[in-house]
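Generate the whole structure from the sequences, applying the supplied hints.
Residue numbering for the sequence shown follows the UniProt record's numbering, starting at 1 and increasing by one per position.
No lab work stands behind these hints, which were simulated from the structure alone.
All the pointers check out, no bait thrown in.
Heads up, simulated BS3-like pairs for lysine-lysine below, C-alpha to C-alpha not over 30 Å straight-line:
no., residue 1, residue 2
1, Lys133, Lys103
2, Lys103, Lys128
3, Lys120, Lys103
Simulated DEER-style distance windows between Cβ atoms:
no., residue 1, residue 2, range
4, Gly63, Lys102, 48 to 56 Å
5, Ile121, Ala61, 25 to 33 Å
6, Val98, Leu60, 41 to 49 Å
7, Glu116, His33, 32 to 40 Å
8, Leu134, Asn28, 32 to 40 Å
9, Pro31, Glu116, 36 to 44 Å
10, Gln113, Asp57, 39 to 47 Å
11, His62, Gly100, 55 to 63 Å
12, Val104, Glu21, 56 to 64 Å
13, Val104, Phe26, 44 to 52 Å
14, Arg37, Ser136, 15 to 23 Å
15, Thr65, Gln113, 32 to 40 Å
16, Arg56, Asn122, 12 to 20 Å
In this text the structure is predicted, and so the values were computed from the model without any measurement.
The beta-carbon is built from N, C-alpha and C at its ideal position, and this holds for glycine as well.
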Amino acid sequence: MGRFIDTGLTRSRERLIHMAEDKVKFRNTGPVHPLIRQPVADRKRFGGVRFGEMERDCLLAHGATANLHERLFTLSDSSQMHVCQTWTRVANVIQRPVPGGKKVRGPYCPFCQSSENIVKINVPYGAKLLYQKLFSME
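Shown next as structure tokens:
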């Protein structure tokens, strides 16, 4: 919308800068931060809208936990980790020697020294990154 300006010579239309269609911001795909695998911030870099603590608290107060799970986990930075069901500890995924002189790559539990009872669980990538950093200090 706008208003007409009549100068006598020409008749033009003045457009407001603050139009709703200019303020709409969404993205289906786009760049992600390489370390934390979350959408980058900033409109100039085609980033996503940040979903902060206040928005999270609002969804929790309204009982929309499924929507909260979708926004903060499924559509953001879902990742998988291997866990030993026996020890309830994170399993290693590295090459390890096995009897016979071979090296096998795959998940195994360093506590029970086997690859049985290993399951995959879904965790946010930030949690996986934290676990990996903490395990590297051992």
